[in-house]
Amino acid sequence: MNGIRKDGRSPQNLREIKVEFNTFGYAAGSVLFEVGNTKVLCSVSLQVGVPKFLKGQKKGWLTAEYSMLPMSSQQRIEREATVMRKNGRSVEISRLIGRSLRTIIDFDLLGERTIYIDCDVLQADGGTRTACITGACLALRTAVDFWLRNKIIRETIIKDSLASISVGVVDGLAVLDLSYEEDSRADADFNFVITKSNKIVEIQGASEGNFVSWEQFEQAKELACSGIKELLKVGDNIFEHNFGKSKDSSDLDKLNELGNQDNNKNFKAPLFSLGNRQNIQS
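Just so we're aligned, residue 189 is where the sequence shown starts under the working numbering, counting upward by one.
Think of the hints as simulated: they come from the structure by calculation, not from any bench.
Worth double-checking, as some hints may not be accurate.
Below, in silico cross-link-like pairs of lysine to aspartate or glutamate (EDC-like), each with a Cα-Cα straight-line distance of 20 Å or less [to be verified]:
no. : residue 1 : residue 2
1   : Lys274    : Asp308
2   : Lys240    : Asp296
3   : Lys409    : Asp375
4   : Lys339    : Asp296
5   : Lys347    : Asp308
6   : Lys421    : Asp348
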């Protein structure tokens, strides 16, 4: 690799980012998050009750589920319901998403209620887990905004925001935000989850067929920090741009009876891309 990647990016460049809020109407918050050709739908809902180990403690919980649609990849993936067993990879990623988002929630302010994060991969081209974490954080912020406006919670439960990105060592060079083609031939790849306050939530990584020097790891870390800073900036800009108006609360009583909060079906934020971020900032 001579510094320019097959898709024309330099080593430190993210793929194009697109964000669409509240794509469908039933979730308290949802985000269609696209990074390059990877597309994920992240939805957030709230239900009364907590796991048994938390009952009586007057605090909430958050759990996440991750799955890939059958034709989200080039080869069809069997549905878990069809094979009657959980996919080990999906379970691992579900736990990663849940662990990551629990670090930024103040559960003492939630009461005995559980936040459900559902992440569905619509199309996979590398970085699905990192896309789901970033998209889920944006969807969570959207849901919290809805809950606050409709007095489902009294104050924000979010302590920080976060994002996630992949970095790999390809042909001896550290590169940001791997596509599937790059990931499949990387000497090593890492997934970083970092908060807006620059705190580490999780780092996953391994080498394949070749070791990685500490110098290469430091390069990977610097790329990850830079990429996550850009992702968070994009997220903040588009969130502030789209949520100036209050949401409809006319169905709030019915939703509370169901134990599940609903957005106004008619509210749909416009598609946003990293390419037109300058227009939004102005």
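To see whether the hints hold, each was checked on the structure:
The hinted pair formed by Lys274 and Asp308 meets the criterion: a straight-line CA distance of about 15 Å does not exceed 20 Å. This hinted pair checks out: Lys240 and Asp296 have alpha carbons roughly 16 Å apart, not beyond 20 Å. Under the criterion of a C-alpha separation no larger than 20 Å, the hint pairing Lys409 with Asp375 is consistent with the structure, at around 16 Å. With a CA separation close to 16 Å, the supplied pair Lys339 and Asp296 stays within the 20 Å bound.
At roughly 25 Å between alpha-carbon atoms, Lys347 and Asp308 are farther apart than 20 Å, so this suggested pair is violated. With a C-alpha separation of about 13 Å, the suggested pairing of Lys421 with Asp348 holds against the 20 Å cut-off.
Of the numbered hints stated above, the single one contradicted by the structure is hint 5.
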